[in-house]
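Spelled out, the chains give:
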Amino acid sequence: MKKILLGIALCATMGFALDAKAQLIDESNVTITMDLQPILQLNMNGPQSIDFVFDQISEYIAGITQYAATTLTVSSTVNWDLYAVGYGSNSLGTIWDQQAIYGTGSDPNAIDSISCNALELHQNRVNPSTANAAGGIAVDYSAAFTMATALGANSVYTSATPYVRPAATEKYIAGHFNTADFVVGGTYLTAGSVGSDFYYTIDYRIKPGLPATFPNSADNIIGSTWNGLTNGSQATNFAQPGLYTMNLKYVLTENN
Amino acid sequence: MHNIVNGQCVDPGTGTNSCDHSDSHVILATPGNVELVFDSFSEYNGGITLNGSSIVRLKVLRKYPIGTDSCKWMLSMYVSNGGNPTPVSQWETLTNYGISGSGINPTLDLLQVKVDNGCNTPLNSGAWQTFDSLSGAVIHIINNAAFTPAGTCGGAQVNGAGSYLTNYNEYSFVIDYRLRPGMLYRPGRYELSIKYCLTEM
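Just so you know, the protein sequences line up as chains Z and U, in that order. Heads up: the first sequence begins at 69 in my numbering, then just goes up one per residue. Heads up: the second sequence begins at 277 in my numbering, then just goes up one per residue.
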């Protein structure tokens, strides 16, 4: 009987001790989920089609420049790079598409394969991140349009595969090939618009020269030579009169 | 109940065991999942605020007769990121979006919470607050050393026995959530949990 009473007393004591420490009354839980979806927005203000009509000798010699024909504004939640790429739809991919021939077109020295490099770009501000760019003629399109512009300094990057990012030796408008070269995410809406790294105006120039060989045209490799006409020579050949078109694409991409 | 770990309710160890634990409850009157989806720049910049996404109601019963009891409680919210392998200061990453990725993982102090009720009884009632960047960090909603019974609706931290059924504005709490990520963080889907703990003091 004593043992039973002792057992009961012990159990009561233990029960009391557990109950006394158990001060938690109740709880409820809420799960918070945050879904940060990546956003890259490139707005292009300006005409979808830009025409260069050469019908004056002075225009052939001096070229035609269209200032601020395109305005680019960027908004991105991730670090980003921006580049321009010119291309045609023919098999080579990097020459203008000939849509019409003016005249007979029978002169064997009249060449219809004009390099897309003949199109020159100028951006209003220097690329803010090019520390690791490697050895091209230029890292961006910020060189001024002058008579003394270096060969290829403003020639647009061309590629038959426009969605493959340009190599470290090519030009970018902002950011560059190396993963350490990028513009930090943000938006022109809050970064100060004009004058910020999220706002660019683009000038265009085409200078056929006389005869029309596009003397400024070259790729961005140091030591490159003229390539305005992709076959023939600068001394004896010229661009066949006609209507030509090419596609210029601006690509905003996540830095990688 | 006695294994106190980060993100779990913490027993203050000072209770008098005067509340009826079996019939006292925290009742979450709203869904247990709150999702904030950022898919526009205005949301990234301005943030998303969800007002009244959680409503917590309390029913705290006394164990002893009126006049002889000292049932006194506290209400707290604990943040948790689920523990290892997530670093203690960060949200748990469910998945990342995009390629190799730039940006950093969000920290727990990104979440802002605001608690109030009809009688302004919570500590810091109506003010936006953040947790410390530490899984297990706490924000107290009611943490009053003095015994304060219900019924006056005067802004004091009521912590006596009672129920939202009889004193709704003193035993219910509305919680707002806000996130303003900006452009700093790596895109992805992140998660944390908040535990509302009712403990006897």
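Honestly, the hints are just simulated from the structure, not real lab data. There's no promise every hint is true.
[Stated by the list, open to error] 20 Å max Cα-Cα, derived SDA-like pairs, lysine to any residue:
no., chain 1, residue 1, chain 2, residue 2
1, U, Lys-471, U, Lys-339
2, Z, Lys-317, Z, Pro-230
3, Z, Lys-317, Z, Thr-101
4, U, Lys-390, U, Glu-467
5, U, Lys-390, Z, Asn-97
6, Z, Lys-317, Z, Glu-95
7, U, Lys-471, Z, Ser-96
8, U, Lys-471, Z, Asp-94
9, U, Lys-390, Z, Pro-230
10, Z, Lys-317, Z, Ser-96
11, U, Lys-471, Z, Thr-99
12, U, Lys-335, U, Thr-369
13, U, Lys-390, Z, Gln-134
14, U, Lys-335, Z, Pro-230
15, U, Lys-390, Z, Thr-101
16, U, Lys-335, U, Ile-303
17, U, Lys-471, U, Leu-399
18, U, Lys-335, U, Leu-387
19, Z, Lys-317, Z, Thr-99
20, U, Lys-471, U, Gly-328
21, U, Lys-471, Z, Thr-101
22, U, Lys-471, Z, Gln-134
23, U, Lys-339, Z, Gln-134
24, U, Lys-335, U, Thr-428
25, U, Lys-390, Z, Ser-96
26, U, Lys-471, U, Gly-358
27, U, Lys-390, U, Lys-339
28, U, Lys-335, Z, Ser-159
29, U, Lys-335, Z, Asn-97
30, U, Lys-335, U, Thr-325
31, U, Lys-471, Z, Glu-95
32, U, Lys-390, U, Gln-433
33, U, Lys-335, Z, Glu-95
34, Z, Lys-317, Z, Asn-97
[As the list claims (entries may be wrong)] DEER-style ranges, computed between Cβ atoms:
no., chain 1, residue 1, chain 2, residue 2, range
35, U, Ser-365, Z, Thr-237, 40 to 46 Å
36, U, Thr-406, Z, Asn-315, 29 to 35 Å
37, U, Ser-365, Z, Thr-247, 36 to 42 Å
38, Z, Tyr-231, U, Asp-408, 40 to 46 Å
Virtual Cβ for every residue (Gly too), placed ideally from N, Cα, C.
Hint check results:
1. For the hint linking Lys-471(U) to Lys-339(U), the alpha-carbon distance of about 25 Å lies beyond 20 Å, and the restraint is violated.
2. Simply put, Lys-317(Z) and Pro-230(Z) have alpha-carbon atoms about 8 Å apart, close enough for the 20 Å limit, and the pair holds.
3. Distance hint between Lys-317(Z) and Thr-101(Z) is unfulfilled; the C-alpha atoms sit about 37 Å from each other, more than 20 Å.
4. Taken as a hint, the Lys-390(U) and Glu-467(U) pair is honoured in the structure, with Cα atoms around 19 Å apart against an allowance of 20 Å.
5. Proposed proximity of Lys-390(U) and Asn-97(Z) is supported: the alpha carbons are some 16 Å apart, at most 20 Å.
6. Between Lys-317(Z) and Glu-95(Z), the direct Cα distance comes to roughly 57 Å. Violation of the 20 Å bound is thereby established for this hinted pair.
7. The straight-line distance between the Cα atoms of Lys-471(U) and Ser-96(Z) is roughly 6 Å, inside the 20 Å bound, and the hint therefore holds.
8. For a cut-off of 20 Å, the pair hint linking Lys-471(U) to Asp-94(Z) stands: about 10 Å separates their Cα positions.
9. Taking the CA atoms of Lys-390(U) and Pro-230(Z), the gap is near 49 Å; set against the 20 Å cutoff, the hint is violated.
10. A threshold of 20 Å between alpha carbons decides the hint, and for Lys-317(Z) with Ser-96(Z) the separation of about 54 Å lies outside it, so the pair is violated.
11. Of the pairs offered as hints, the one joining Lys-471(U) and Thr-99(Z) holds, with about 9 Å between alpha carbons and a cut-off of 20 Å not exceeded.
12. About 35 Å separates the Cα atoms of Lys-335(U) and Thr-369(U), which puts this hinted pair outside 20 Å; it is violated.
13. In summary, the hint linking Lys-390(U) to Gln-134(Z) is not supported, as the alpha carbons are separated by about 55 Å, beyond the 20 Å threshold.
14. For the suggested pair Lys-335(U) and Pro-230(Z), the alpha carbons sit about 65 Å apart, so the restraint of at most 20 Å is broken.
15. Straight-line distance between C-alpha atoms of Lys-390(U) and Thr-101(Z) comes to about 17 Å, which keeps the hinted pair within the 20 Å bound.
16. Distance hint between Lys-335(U) and Ile-303(U) is fulfilled; the C-alpha atoms sit about 8 Å from each other, no more than 20 Å.
17. With a C-alpha separation of about 17 Å, the suggested pair Lys-471(U) and Leu-399(U) falls inside the 20 Å cut-off, and the hint holds.
18. Restraint check for Lys-335(U) and Leu-387(U): the C-alpha separation of about 28 Å exceeds 20 Å, so the hint is violated.
19. With a C-alpha separation of about 44 Å, the suggested pair Lys-317(Z) and Thr-99(Z) falls outside the 20 Å cut-off, and the hint is violated.
20. Proposed proximity of Lys-471(U) and Gly-328(U) is supported: the alpha carbons are some 16 Å apart, at most 20 Å.
21. Taking the CA atoms of Lys-471(U) and Thr-101(Z), the gap is near 14 Å; set against the 20 Å cutoff, the hint holds.
22. Proximity of Lys-471(U) to Gln-134(Z) is assessed by CA-CA distance (about 62 Å); at most 20 Å being required, the pair is judged violated.
23. A distance of roughly 86 Å separates the Cα atoms of Lys-339(U) and Gln-134(Z); the hinted pair therefore is violated under the 20 Å criterion.
24. The suggested pairing of Lys-335(U) with Thr-428(U) holds, with an alpha-carbon distance near 18 Å, which does not exceed 20 Å.
25. Between Lys-390(U) and Ser-96(Z) the CA atoms are separated by roughly 17 Å; this keeps the pair inside 20 Å, and the hint holds.
26. Under the criterion of a C-alpha separation no larger than 20 Å, the hint pairing Lys-471(U) with Gly-358(U) is consistent with the structure, at around 12 Å.
27. Annotation: proposed proximity of Lys-390(U) to Lys-339(U) is violated, straight-line Cα distance about 32 Å (limit 20 Å).
28. Taking the CA atoms of Lys-335(U) and Ser-159(Z), the gap is about 77 Å. The hint is violated against a cut of 20 Å.
29. With a CA separation close to 16 Å, the supplied pair Lys-335(U) and Asn-97(Z) stays within the 20 Å bound.
30. Distance restraint check for Lys-335(U) and Thr-325(U): the Cα-Cα separation of roughly 28 Å exceeds the 20 Å cut-off, and the hinted pair is therefore not satisfied.
31. As the CA atoms of Lys-471(U) and Glu-95(Z) are separated by approximately 7 Å, the hinted pair is consistent with the 20 Å bound.
32. Distance hint between Lys-390(U) and Gln-433(U) is fulfilled; the C-alpha atoms sit about 16 Å from each other, no more than 20 Å.
33. Distance restraint check for Lys-335(U) and Glu-95(Z): the Cα-Cα separation of roughly 12 Å lies within the 20 Å cut-off, and the hinted pair is therefore satisfied.
34. For the hint linking Lys-317(Z) to Asn-97(Z), the alpha-carbon distance of about 50 Å lies beyond 20 Å, and the restraint is violated.
35. Between Ser-365(U) and Thr-237(Z) the Cβ separation comes to about 41 Å, which falls inside the hinted range of 40 to 46 Å.
36. For Thr-406(U) and Asn-315(Z), the hinted distance range of 29 to 35 Å is not satisfied, since their beta carbons lie about 50 Å from each other.
37. At about 26 Å, the beta-carbon gap between Ser-365(U) and Thr-247(Z) misses the expected band of 36 to 42 Å.
38. Between Tyr-231(Z) and Asp-408(U) the Cβ separation comes to about 45 Å, which falls inside the hinted range of 40 to 46 Å.
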